[in-house]
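> Chain residues, written in single-letter form:
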Amino acid sequence: NAGVTQTPKFQVLKTGQSMTLQCAQDMNHNSMYWYRQDPGMGLRLIYYSASEGTTDKGEVPNGYNVSRLNKREFSLRLESAAPSQTSVYFCASSSQTGAYEQYFGPGTRLTVT
Amino acid sequence: SQKIEQNSEALNIQEGKTATLTCNYTNYSPAYLQWYRQDPGRGPVFLLLIRENEKEKRKERLKVTFDTTLKQSLFHITASQPADSATYLCALDADSAGNMLTFGGGTRLMVKP
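Heads up: the protein sequence lines correspond to chains A and B, in order. Mapping of the first sequence onto our numbering: residues 1 to 113, in sequence order. Mapping of the second sequence onto our numbering: residues 1001 to 1113, in sequence order.
Because the hints were derived from the structure by calculation, they are not lab data. In this text, all values refer to a predicted model and were calculated from it rather than measured experimentally. Mixed in with the good hints there might be a few duds.
As the list claims (entries may be wrong) - Once the Cα atoms are required to be at most 16 Å apart in a straight line, the calculated EDC-like pairs of lysine to aspartate or glutamate come out as:
1. Lys1003(B) - Asp1084(B)
2. Lys1112(B) - Asp1084(B)
3. Lys57(A) - Glu1015(B)
4. Lys1003(B) - Glu59(A)
5. Lys1055(B) - Asp1039(B)
6. Lys71(A) - Glu59(A)
7. Lys1112(B) - Glu1015(B)
8. Lys71(A) - Asp38(A)
9. Lys1057(B) - Glu101(A)
10. Lys1003(B) - Glu1015(B)
11. Lys14(A) - Glu79(A)
12. Lys1059(B) - Glu101(A)
Could you build the full structure based on these sequences and the hints that come with them?
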């Protein structure tokens, strides 16, 4: 039981390049989330998927797209990376949205030069 | 504007003492509040959830209080140990449906032997 896995662990991009961050969970959770964490800013929600087939914007969705590929997988895409997207990205899942604990992955450290 | 405030300065305490961390919020009406622990380079780990109609919640050496009048939650670790050293994050539901969590910036706790 791996919990929430994320790939890659580290990535360096040049401005304008694109990439997809992958996330998978093996807990049969309905809901999945993408956060970014910046020093002094705390975790900020980018997008979430309450259930398979649905996605919704969070606090900071601009510059990102998501795909809920199936119940297990939720990917985050940067179409044209910018230095402001340098951050640590965390994927999380929970059995439902709302008052349920979230399980976080180990994070992806992304640097955009 | 909406804010969640945690003391950004590190809290240093001696082993065996009780650590008390504060989470204050402004212009939110949360139905619940959660506390997470985050170690360097890792994703947050869920600790406790407390609902608006609960004054206090305990789990082993951890205790959380929730005062909706003061708009404050206190997180206590009794008989603290060096292994409790980490950053502690509070989070509350940020939308009326309760689907999205908003996190505070976290407080770093250092327990000295």
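> Hint by hint, which ones does this structure get wrong, listed from lowest number up?
The structure breaks hints 1, 3, 5, 6, 8 and 10; every other hint is satisfied.
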